[in-house]
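If you read the sequences in order, they're chains C and G.
First residue of the first sequence? That's 94 in our numbering, and the numbers climb one at a time after it.
First residue of the second sequence? That's 59 in our numbering, and the numbers climb one at a time after it.
Please note that the accuracy of each hint is not assured.
Heads up, simulated EDC-like pairs for lysine to aspartate or glutamate below, C-alpha to C-alpha not over 16 Å straight-line [as the list claims (entries may be wrong)]:
| hint | chain 1 | residue 1 | chain 2 | residue 2 |
| --- | --- | --- | --- | --- |
| 1 | G | LYS200 | G | GLU304 |
| 2 | C | LYS218 | G | GLU132 |
| 3 | C | LYS218 | G | GLU719 |
| 4 | C | LYS218 | G | ASP706 |
| 5 | C | LYS217 | G | GLU132 |
| 6 | C | LYS217 | G | ASP728 |
| 7 | C | LYS217 | G | GLU719 |
| 8 | C | LYS217 | G | ASP706 |
Calculated from the structure, these hints are not laboratory results.
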Amino acid sequence: MAFTMRAVKVPPNSASLEEARHRVFDFFKQACRSIPTVMEIYNLDDVVTPSQLRSTIAKEIRKNQNVTNPKVIDMLLFKGTEELNNIVEHAKQRHHVIGQYVIGQEGLVHELGSKDQGSSDFLKKFYTSNYF
Amino acid sequence: MAFLARALRQSNSRLSSRCPAVAASCRWISPTAAAGSPEAGAAVAPADPELPPPREPVGGARVELPPNPEDALEVFVDGHAVRIPKGFTVLQACEVAGVDIPRFCYHSRLSIAGNCRMCLVEVEKSPKPVASCAMPALPGMKIKTNTPVAKKAREGVMEFLLMNHPLDCPICDQGGECDLQDQSMAFGADRGRFTEMKRSVVDKNLGPLVKTVMTRCIQCTRCVRFATEVAGVQDLGMLGRGSGEEIGTYVEKLMTSELSGNVIDICPVGALTSKPFAFKARNWELKGTETIDVTDAVGSNIRVDSRGPEVMRIVPRINEDINEEWISDKTRFCYDGLKRQRLNDPMIRGPDGRFKAVTWRDALAVVAEVLHQVKPEEITGVAGKLSDAESMMALKDFVNRMGSDKVLCEGNGPNPPADLRSNYLMNTGIAGLEKADVFLLVGTQPRVEAAMVNARIRKTVGATQAKVGYIGPPADLNYDHEHLGTGPETLVEIAEGRHPFCSVLQSAKNPVIIAGAGLFEREDQDALFSTIETVAKKFNVTRPDWNGLNVLLLHAAQAAALDLGLVANPAESIKSAKFLYLMGADDISLDKLPEDAFVVYQGHHGDKAVYRANVILPSSAFSEKEGTYENTEGCTQWTIPAVPTVGDARDDWKIIRALSEVAGAQLPYDSLSAVRDRISTVAPNLIHVDEKEPCTISAEVKPPVKQQVSSTPFKTVIENFYMTDAITRASKIMAQCSATLLKK
Chain C
94 MAFTMRAVKV PPNSASLEEA RHRVFDFFKQ ACRSIPTVME IYNLDDVVTP
144 SQLRSTIAKE IRKNQNVTNP KVIDMLLFKG TEELNNIVEH AKQRHHVIGQ
194 YVIGQEGLVH ELGSKDQGSS DFLKKFYTSN YF
Chain G
59 MAFLARALRQ SNSRLSSRCP AVAASCRWIS PTAAAGSPEA GAAVAPADPE
109 LPPPREPVGG ARVELPPNPE DALEVFVDGH AVRIPKGFTV LQACEVAGVD
159 IPRFCYHSRL SIAGNCRMCL VEVEKSPKPV ASCAMPALPG MKIKTNTPVA
209 KKAREGVMEF LLMNHPLDCP ICDQGGECDL QDQSMAFGAD RGRFTEMKRS
259 VVDKNLGPLV KTVMTRCIQC TRCVRFATEV AGVQDLGMLG RGSGEEIGTY
309 VEKLMTSELS GNVIDICPVG ALTSKPFAFK ARNWELKGTE TIDVTDAVGS
359 NIRVDSRGPE VMRIVPRINE DINEEWISDK TRFCYDGLKR QRLNDPMIRG
409 PDGRFKAVTW RDALAVVAEV LHQVKPEEIT GVAGKLSDAE SMMALKDFVN
459 RMGSDKVLCE GNGPNPPADL RSNYLMNTGI AGLEKADVFL LVGTQPRVEA
509 AMVNARIRKT VGATQAKVGY IGPPADLNYD HEHLGTGPET LVEIAEGRHP
559 FCSVLQSAKN PVIIAGAGLF EREDQDALFS TIETVAKKFN VTRPDWNGLN
609 VLLLHAAQAA ALDLGLVANP AESIKSAKFL YLMGADDISL DKLPEDAFVV
659 YQGHHGDKAV YRANVILPSS AFSEKEGTYE NTEGCTQWTI PAVPTVGDAR
709 DDWKIIRALS EVAGAQLPYD SLSAVRDRIS TVAPNLIHVD EKEPCTISAE
759 VKPPVKQQVS STPFKTVIEN FYMTDAITRA SKIMAQCSAT LLKK
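Please construct the entire structure, taking both the sequences and the accompanying hints into account.
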């Protein structure tokens, strides 16, 4: 863990939303620049293209597009930087990267919901879990 | 979330008594909470500025003074005057004054021994400190609980107790909930003077439930008194004298009582602990969930202690109306059955006869498809003995919507008396049994059918010398009783006034008849119950002010099933069924079931019925769901989920609700509260939780019975006390108990 701690420096808080926004773009650029290295470390050439990875990064960032509090943005940026460092420093293994960024969270099974069409909300929830 | 609201409501009602329970429990281990200088207690004048303010009774208890003022007296505790009823001990007077006296041997439900000497207090004009638990309070007594004399006495007692007590708290299962530990912290000296060897005592083998470490015993004799007075077995006793004194069974013998687990709770030290729980967990890691027990129809109040997803132990909660503070061994030790033999995935039996795990979507689709291939009248639903009211309501609604009225609950017999609530409930209530002076047990063995009811009868017999007459197969009841006969002819003799026991019934003020639910299964049950009613009428058992005609039910689901109207005839329904929906029903006979019938088993354990099932739908056990249960006296109670469900299991009512939608007959409720709303239109008493809905007596409206009483003697209903349902049959501890403790 120590090397990550060294690598991730906590910058001072962003003074304004504008500054935070600027930092997000910086982070995105930094992540995009590291894509070739990542592809090489994890041997990703046959499973994904750089542009797909770029759009995955953009998607991850856009998940939080409704956040307007600069402090929260700073925190999210910190987490993102940490994650990026872990990837670049080879702290992860190939299947981590593939699982999280190539295949995505839903996994290989894509439920298209055609079977559940027309069934009630109750039944849809029932199929997923006992607790609702 | 409804259970949260309920817990809140309960705690509110508890807090509404003026003393918060929290404050009381804080006081328990802190002798200085009473504070004030030692001299403060000596001052009698209430105006003394040194005197601490008067306190509320311990635990927020209410003290009822007798209506006649001459039967009350006044004593002074630490300078405050308190009024108490005559006959209270000094210790009880102190409790009324809000002073909790440390004690080991004294227990409010047992006789007084007065041998631990921990409760010593100073009484003015008495030359020595007195043992407050054994000393009756006298008018004008000036009791001081916090003087240097009392403190020094406690310290001395503590030193003597610890002299021979091993210092093994770190490996002791009682650690953290030990009276000796708490009280030595609060009242003991801060150093010891003892340098010799400690005494050691050989451990006794009390069976598979109670672990003994007899060196830790402080000879308070609570367990001996519990065994003789409450459990009614003379197994435990005191051997030897002086420093050689030890508790034990006189000869090498196991403790054979259905209440033996309670000695674990009353033991103030770690001498008697739970054998299955030994070294499994520490009490501070456990999460307690206040729920109820479903292994019999009593609905004992319990606390399920869990760690993560695992139930670690079950201990009793106090409910004066139902189980006081005891529970039966089956209730206490059945919990390991919750971890074995569990069904965790929906499964379909393939053509090769083996089960294959499938998704819920596929399982429900298969069931719905079969459901549409059979005729409506060939659909039968059977609720099991552990079913909650919500799922039974859903099952009944579902089967009815599919066009069938064949929905029943196992154990209720061919023609259950479901028309009037008073015909299938314990009308006196369990606590009401204490008012009775004559008992007539008809075809019921309360000791195995409902151990807590039996304890109540035993308490009454012990306290008031009530007479007990018993009709049924030879049974081992643990109180004085008269075995009147084995079959219904004895009952007829009593009804016709030809039996010698009639004179006993005649002279009784509050006679009680208890009929077992085993009678429901008999062919001649209508005739039997009408004979019982004749007896009741003849001996004034049912009067406007006293209804002593009781039915003792067997299963947790029975009362609610009868309330909700799950009353189809099992023999006919099973014989004609092509689609059988078993909701946890394992004990119903499937011999008559047609070969080509499709059986769906919804339940939490892979028990008997699974062998015949075509589809298995896993559901949650009582420790994992919120459910309404009605006990044998008609008191509605809720279970509270303590642990998460196993695997892919779902709550019972949700499964039926989901299936109804897949089958195209959607039930109109989506949430637990909506199900309960539906229940309230059928049986409103099931909504009034923790209340006993009284039922009116109207025996007159019954049509005359033409049936003849048969001469077949009554049968033993429960062969094995320890294994009666899916959970207890899966339990290893219960299997050990039935192997070692059952009389062969």
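Okay, the hints, checked on the actual structure:
1. LYS200/G x GLU304/G: violated (36 Å)
2. LYS218/C x GLU132/G: violated (64 Å)
3. LYS218/C x GLU719/G: holds (13 Å)
4. LYS218/C x ASP706/G: Roughly 13 Å between the alpha carbons, so the hint for LYS218/C and ASP706/G holds.
5. LYS217/C x GLU132/G: violated (68 Å)
6. LYS217/C x ASP728/G: holds (12 Å)
7. LYS217/C x GLU719/G: Holds, because 11 Å separates the two Cα atoms, which is no more than 16 Å.
8. LYS217/C x ASP706/G: With Cα atoms ~15 Å apart, LYS217/C and ASP706/G stay inside 16 Å; holds.
In this structure, the hints that do not hold are numbers 1, 2 and 5, in rising order.
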